Amino acid sequence: MSAAEQPAAVLEVREVTKRYGHGRRDTLRALDGVDLTLHRGEILALVGESGSGKSTLAKILAGSTSQTSGQVLCDGVEITARRHSTARRRIQMVFQDPYSSLNPRMTVRSALSEVLRVHRVVPREQIAEELSRLMSLVGLDDSALDAYPSQFSGGQRQRIAIARALAVRPDILIADEPVSALDVSVQATILDLFESLRSELGLSVLFIAHNLAVVQHLADRIAVMYLGRIAEVAQTDTLFASPEHPYTQALIASVPRMRPRDLEQPPALDGEPPSPIHLPTGCRFNPRCAYAQPTCLIDEPALERVAEGHSVACWFAGQLQQAPTKQSEEFA
Amino acid sequence: MSVVALSRTVEPLLSVQHLTIGIPSSGGGHATLVRDVSFEVGPGVRYGLVGESGSGKSMTLKAIAGLLPRGVEVLEGEIHFDGDDVLTMSPHERRRIMGPRMAMIFQEPMTALNPTTRVGKQIAEGPRRHLGLSKADAQELAVDMIRRTGIPDPARRARAYPHELSGGLRQRIMIAMALSCKPALVLCDEPTTALDVTVQDQVLRLLAQLCDDMGSALTFVTHDLAVVSQTCSRLSVMYAGRIMEEGNVREVYEAPQHPYTEALFQSAPDFDDPGRRLAPIPGLPPSLTDPPPGCPFAPRCQYAIESCSTGSKPLVEVRHRHLSACDLADQIFGGTR
Amino acid sequence: MTTFSLTHRFRPSRREARPAARRLRPWYQNRSLVAGLVIVCIMVLLAVLAPVLAPYNPIKQNLNEALQGPSGAHWLGTDKLGRDVLSRLLYGARVDLRIGFLAVIIPFVVGTILGAIAGYFGGWLDIIIMRIVDVFYAFPLFLLVIALVFVLGPGESSIYLAIALVSWVSYCKIVRGEVIVARQQEYVQAARLGGLNNARVLGRHIGPNVISQAITYAMSDIVMDIMVIVTLGYLGLGITPPTAEWGSMIADAQEFITTLWWMAVVPGVAVVITGLGLSLIGDGLTDLLSPERRK
Amino acid sequence: MLSRLKFVPMRLLQAVPVAFGVTLVVFFMVHLIPGNPAESILGAQATPAKVAALTDQMGLNQPVVQQYWHFLSNLAHGNLGESYTYQVPVLTLVWQRAPVTLLLVAYSVVLMLIISIPLSMLAASRPGHVRDHAVRVIPLVGLGMPQFWVGVMLLLVFAVGTGWFPVGGYGDTMMDHLWYLFLPALTLAISISPVIIRSLRASMLNVLESDYVATARSKGAGGRSLFAGHVLRNAIIPAVSIVGVNLGYLVGGTLVIEKVFAIPGLGSMLIESIFARDFPSVQAVALFVAVFVVLVGVLTDVVYTLLDPRVDLTQRMNA
Amino acid sequence: ASSSTKSGGASKSAGAPVHGGNLTIARAQDAKSMNNILTFDNSSIFIFEQIMEPLFTVTADGKATKPLLATGYKVSADKKTYTINLRKGVKFSTGKEMTSADVKFSIDQDTKHASTGWGFINSAIQQVQAAGKYTVVIKLKHAWAPLIADLALFSNAIVPNNYDGKTMAEFYQAPVGTGPFKWGQWKRGEYLKLVANTGYWQKGKPYLDSVTWNVVPDSNTRKLQVQGGQADIDEYPDWSTFKSLGTGSNVIAKTFPSTELDYLAFNEKKKPFQDVHVRRAISAMIDRSAINKAVLFGNGTPANSLLMPGVPFYQKSTPGIMKNDALAKKELAASSVPKGFSTTLLIPSGDASKLSTAQIIQNDLQQYNIKVTIKQLDPTANHNAQQNMQYDMGLSAWTMDIPDPDEWTSFAIDPDGGAKSAYTNYRSAEAIKLNRQAQQSVDHSTRAELYNQLQDVVAHDAPFAFLYYAPYAYGVSDKVQNFNVTPLGNYPLTDVWKSK
Ligand SMILES: Nc1ncnc2c1ncn2[C@@H]1O[C@H](COP(=O)(O)OP(=O)(O)OP(=O)(O)O)[C@@H](O)[C@H]1O
Ligand SMILES: Nc1ncnc2c1ncn2[C@@H]1O[C@H](COP(=O)(O)OP(=O)(O)OP(=O)(O)O)[C@@H](O)[C@H]1O
Ligand SMILES: [Mg+2]
Ligand SMILES: [Mg+2]
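In the order they appear, the protein sequences are chains Y, P, A, B and X. Residues 11 to 342 (this note's numbering) make up the first sequence, in order. Residues 25 to 361 (this note's numbering) make up the second sequence, in order. Residues 78 to 372 (this note's numbering) make up the third sequence, in order. Residues 180 to 498 (this note's numbering) make up the fourth sequence, in order. Residues 117 to 616 (this note's numbering) make up the fifth sequence, in order.
So here's chain Y without its partners, still in its complex pose (with noise of 0.2 angstroms):
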């Protein structure tokens, strides 16, 4: 792979792991030998099942935990979670709950404020220039900075959130779920601001999610995961006009649909995640996998490039028909 062909990777995880607990048995592998590279001024985003690793990934770029195993690098220098002030301002993070993730009893200006203090990204006299920048950034008016969280409605206190980790002029923003608990009619205006922060800021955006239509219309990019591994990356269009991992299929058969649709029909995916705790052996999908072969059950497959810019973790990428329906006799 050249490097012409291929965008600056400003942030790259490399065989990451992250356990939690320390009995032997009782193990959670919450990450399992993660790679995932994000470009660039790209929003990538990143989908999976309650409990695939998502927001634990997304603590560990932030900072605010340590890979078991594995490096995170960001433009190339490896970074960890005891990491320096400066190097904690380039990555910021903006969580799921707009409602929980601002102090309710600091005023907008004084939180945002004290960032700008403690950083120093400002000299003194300027904060308050740099706080009607930061408010017409997301979208507010300078009239909100003394007001308190709670007199915001949801959309709005996500935009302060964003502010917030604007504030230090962040090259990379985390977003780990940020219009899940929000309205359709203000995700809108999130997702728009998304938008916009990366054309206007050239940020780099990891973008988590677990609605697909959202991340359809957002992300360049699309990482899906599996209970702690990358199951398959591509960029927007070609995961979901050929996704190649039976679980991306099944992912994207589930989404509900404006149109109309026969309910009578089984659904695309049978049961329920296995334990992090016990995984099965070889392929971690093989439970719940239409297309299951013995290989399946005995060796996990790494992911492996299919095409420019697509990998799968399947060992049977590229062979399976889209739109899977229950065949699994004729595999058996």
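Calculated directly from the structure, the hints in this document are not laboratory data. If you're wondering where the values come from, they're calculated on a predicted model, not measured in any experiment. All C-beta atoms, glycine included, are put in the ideal place defined by N, C-alpha and C. Possibly wrong hints are sitting among the right ones.
[As the list claims (entries may be wrong)] In silico lysine to aspartate or glutamate, EDC-like type, Cα no more than 16 angstroms apart, as pairs:
(1) K255(X) to D194(X)
(2) K212(X) to D280(X)
(3) K309(X) to D351(B)
(4) K385(X) to D532(X)
(5) K303(X) to D351(B)
(6) K409(X) to E142(A)
(7) K549(X) to D530(X)
(8) K255(X) to D224(X)
(9) K257(X) to D194(X)
[Unchecked claim] Cβ-Cβ distance ranges computed for the label pairs, FRET-style:
(10) D108(P) to V346(A): 52 to 58 angstroms
(11) K257(X) to Q266(B): 29 to 35 angstroms
(12) G232(A) to A513(X): 22 to 28 angstroms
(13) L211(Y) to R300(P): 21 to 27 angstroms
(14) T341(B) to A513(X): 38 to 44 angstroms
(15) E25(Y) to R489(B): 31 to 37 angstroms
(16) W343(B) to S234(A): 42 to 48 angstroms
(17) G232(A) to E546(X): 39 to 45 angstroms
(18) A157(Y) to P298(P): 33 to 39 angstroms
Got chain Y; can you put chains P, A, B and X with the ligands on it based on the hints?
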């Protein structure tokens, strides 16, 4: 007259008329959470109530089930179920229909199950009380219901405590519980919001299928337009405690007759139309204690004219069995009466 | 048995019901708080104005008028030494409120700081602090305070010291629990990720949000402290006479419980009213300071 | 089920450092008490020479650390010394009196529950209603009135007035004990019930507003079946830990109650021995009480675990 | 023993004595030990006196002795040899007969424990001889007037020779004596029970089947127990409720003349109490009748002398200082601190009467610009502080154990005795001399004169401000007959019976 008589073929199972719910307060200025809501659900029909947060969907549903939170009361209106006025029922009579005739499924499977009781016993509670089954028979029925929701090894699962089950399983248990007495009407309050898409898909299919099997009608509350579209045949769109539009799902989706519905569709990402630009709705929903006169959506409506901010805006039939609360529906959407 | 509880978390419900009315209700609309404040303010006012209001000198004896029932001259009667009960009650408020409030301050500060440290940093610090807390917790409060006052000798300063040594533990426990919860809150995480140092995060972001529980507890603790004084008085270890003080008034009245039972009731009622006021304030503060928490 | 109680040994192990700390506190507290115990023992007849001799004999002039070590090693052999007052091993005294106090405390817990549960149910069933306020305010009187006053009033009314109960004492048979201890246990229960009622009411309200109670209602449960089947158990769970935490307060209350009701328990023994400077007795009682409170902590966890299937303390301990 | 008393609230026998029943006595404190030669505490003494009897006992008025296990005695001319005849046929509760060997053993045991127990009382005894089975001869070192009174003390009570082969400690776990009651059961902290000695030498006595002392620390509870019939006697009622004890109920509030003197002690090691004017001034400032009224509810009498009315040789006309404003002013002006001073008053904590007394004194002295701070110490610490003379003024009381003033006078005025003049360090050569003479003279009227002079001297010097004489108070059920307390504080239960 605010409601146009509908040409109906069957006697409705559930009829809500002019329902107004609020928080009475001695010092005046009480909040009205739901205002003048009317709709009907026929036997076996799957009826959806959509709307954004705080629009009063859950309150409407809770009023039907008689489960309004403390302090919140039905101020006006009637609710008839099977021809009986449920609002005037004694608590005892009400208890007699809750379960065998009407059942409810809640949003949070996490909290809607009693954490200290085994799920099998929780399912069996209804049948024991209402069908007069023995303990063993009720338990057997519970296991059977669990089996019908597609959970493997139902006998073992029946002995589990809620916290030992995943969200999807818990929601299935809730469904098994609601349907255990074969109710005529199942009330669902966002039953899949807390679930993953893949699990949501499973649960929705299951719910639809079981309701069909048992001939139960469904009243389904959600904020997700796509989910109603997948589940229901008829729906109401609520905003600020009122119904803005009512109609068959397909018709409403294809040709909304109210600016709010239209705006809602425009702000929601459509999986099958990824290229469309999402248009947020500007402004905020009105205050419930001090609602603006006229159409509650008027302050945010792009079509609003002066007259929108005055007078009451009744729901009128703009097309066949398609009602809108917008005075200007004709002008804007060219509806034919 | 599979345990999914650890592995399966849920998104918080999209949004909880947040009735607008609850959100911005100003403090003066909080009935408990206002009622409590009114009661306590009246008490404090009575205490402050005691020299003006009290009809007699609280320690002035008049043995010819001892043990009189309520009358025009002595509204609440007189005690064994002929001192005016009403005057003693008013002056007693000064002592009791002073001891109640002062005795709470040191444990409040110490317990809060240690609890915050234990909860925030966790690890060894937490283990050590909490083991010390456990040790103190193993002794009933009364037992330790009585023993300590015994050791230190009766008197106001011993009471302060004994209470301080013992009751910081409760604050420590409460604050630690709150801090552990608060530490998980997203706004705290955000503050930490924003590069703020620990002191700042603790002081500015966690502190104000966890202190309400400690304050609420302090309200009931004041009542508790007054009860401690009363009990010490019963055991003869209380405030040095002839100082007018509710505890020693109750203890003095002890001799007459079977005959002049109301003598113990009068100061008892003062304790009850103060306790009521303080717990109402506590209730109100809980509501006010933690809007997301129901009573 | 039993597997969920696996935490108990671990929990008991954790109590060891606490017990150690307790011995430290007990030992040094007693050694802080001014005055030479030898003087107290000799009383009126103390002469400097006699005091010196006894001091020496009791090892009171050794370094404190050494004394502490001595105390610990004696303790390890189950030897807590002889009561200065009675000249008998304190352990015999403690064993004789501990059951009395344990019975009193257990009895008052039972009465407290009998008082608090219905009252808090009454309050929780109509929050904000007059009866709610009444239930919340009236018991506060119990909190503000000193225990000795409440105790004597109960005696006046129910023992002297009606003759239903004896005026203090302990009795000989178990039935006697229950009869004699009723009023003291009631006094204790009254003094603590405001706290319990408050928290029980709060947790009942929480439970009543919980989704699963709504679920139960949607199944047609109501009235008594709702309370018994869904509310009570869930509301009791937090109350268990509150009772556990407040048990220390109850034990502390026995100091006064036992004196008022002439009950030969640990509380009165402690007061007596403090005032008589009977240090071995003070140490023994304090140690016993502390160990008791620690064990109650473990017991609370066990009950908690048994009542609430969600709790897995085995996990929590490892975390 | 005679049962007739002339004292205040003494009960009159209601008909013929009835046998049977259990007498329940509610008391504030448990007994500590049954060892009659080592134990100083009244709660213990009152009990073991019922088990073990001495040779002589005190008459009901507390001023003289009379034979008990002895039948009489003879004194030699040099007053140094006493020959005592023992009562025949007296048996221990074990059934063994009491002989001179037992007597010798008992008195010797007591004498042996002079340093740790009551043996000091026998310090004049040189030797005890068992002259015959029923005769004992006691040889003295010097003439010693109080001997028979001393022998009447419980520490000289007769126990079986050689403790019946037991060790001392073993013996006192369940002591044996010749008394009307024998050992029953002791649940420490709860109750102590004695049962009737069926072989008691006074035929037909005791009337009671058993006596139980219940520990009831709270005075209100004790009162309620007697009123409720659960106890027959309240051993220690509060003065504050004493009168109400008897009103409208089946309880009689009884007072018995006592030998109790309550006084304010001045520590002459501390300034300015060396100054006799200061002591006299303070004595004149205190309103004793007010104290009597507020603290004793009028049940006491203001004290005028070192000796108490119940003690032989008490002189009613002793000029003890009473409240006297002129005198107070005069003495203060003459003193080293004419403008007043600040000082402290030590009292034991938990004693409501002393607390009230202290506050009244505080109030009285305040008028003369003497600022008193009340200092409360727990009883033991209070005791230690007094013994170590670490106090300024202190409230104390004394009661007699033997019917002879010497026990108290020697304690109170001899600065070189162990008690340093009752811990005041009061030193008056004259008083010391008078006391010595009184000890050694056997003649009644000589002693009376000596003690008169002594009382005058002490009253003038005011090493103590005498406050009041308090009677003994008991709440007694009207069913209890013949219950009497001697001025020395003990209450023999031999003649007590309960009507049905
Ligand atoms: N602090 C923790 N201790 C133990 N396990 C944890 C912890 N945090 C997360 N986990 C577990 O790690 C796994 C991954 O969690 P994570 O929060 O990263 O998932 P997620 O993909 O963000 O899920 P969701 O979509 O529900 O937010 C889950 O099984 C979770 O239970
Ligand atoms: N217990 C309550 N007391 C008072 N007001 C309440 C209560 N619960 C909800 N509300 C208010 O009632 C209004 C309608 O609430 P409702 O729960 O019906 O909305 P909803 O449409 O179901 O919203 P969501 O999608 O958030 O569930 C909201 O403004 C809410 O704040
Ligand atoms: Mg997450
Ligand atoms: Mg809702």
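Against the structure, the hints come out as follows:
1. Using a Cα cut-off of 16 angstroms, the hinted pair K255(X) and D194(X) holds, with the two alpha carbons roughly 11 angstroms apart.
2. For the hint pairing K212(X) with D280(X), the CA-to-CA distance comes to about 10 angstroms; that is within 16 angstroms, so the pair holds.
3. About 14 angstroms separates the Cα atoms of K309(X) and D351(B), which keeps this hinted pair within 16 angstroms; it holds.
4. Proposed proximity of K385(X) and D532(X) is supported: the alpha carbons are some 14 angstroms apart, at most 16 angstroms.
5. Between K303(X) and D351(B) the alpha-carbon distance is near 11 angstroms, which keeps this suggested pair within the 16 angstroms criterion.
6. For the hint pairing K409(X) with E142(A), the CA-to-CA distance comes to about 11 angstroms; that is within 16 angstroms, so the pair holds.
7. Under the criterion of a C-alpha separation no larger than 16 angstroms, the hint pairing K549(X) with D530(X) is consistent with the structure, at around 10 angstroms.
8. Simply put, K255(X) and D224(X) have alpha-carbon atoms about 12 angstroms apart, close enough for the 16 angstroms limit, and the pair holds.
9. Taken as a hint, the K257(X) and D194(X) pair is honoured in the structure, with Cα atoms around 11 angstroms apart against an allowance of 16 angstroms.
10. Our hint of 52 to 58 angstroms for D108(P) and V346(A) holds, since their Cβ atoms are close to 55 angstroms apart.
11. For the pair K257(X) and Q266(B), the beta carbons lie near 33 angstroms from each other, so the given range of 29 to 35 angstroms is met.
12. Taken as a hint, the range 22 to 28 angstroms holds for the pair G232(A) and A513(X), whose Cβ atoms sit roughly 25 angstroms apart.
13. In this structure, L211(Y) and R300(P) meet the distance hint of 21 to 27 angstroms, their C-beta atoms being roughly 25 angstroms apart.
14. Checked against the given bound of 38 to 44 angstroms, the beta carbons of T341(B) and A513(X), roughly 39 angstroms apart, stay inside it.
15. For the pair E25(Y) and R489(B), the supplied restraint of 31 to 37 angstroms holds, since their beta-carbon distance comes to about 36 angstroms.
16. For W343(B) and S234(A), the Cβ-Cβ distance of about 45 angstroms falls inside the hinted range of 42 to 48 angstroms, so the restraint holds.
17. A beta carbon spacing of about 42 angstroms between G232(A) and E546(X) agrees with the range 39 to 45 angstroms that was offered as a hint.
18. The supplied range of 33 to 39 angstroms is met by A157(Y) and P298(P), whose beta-carbon atoms lie about 36 angstroms from each other.
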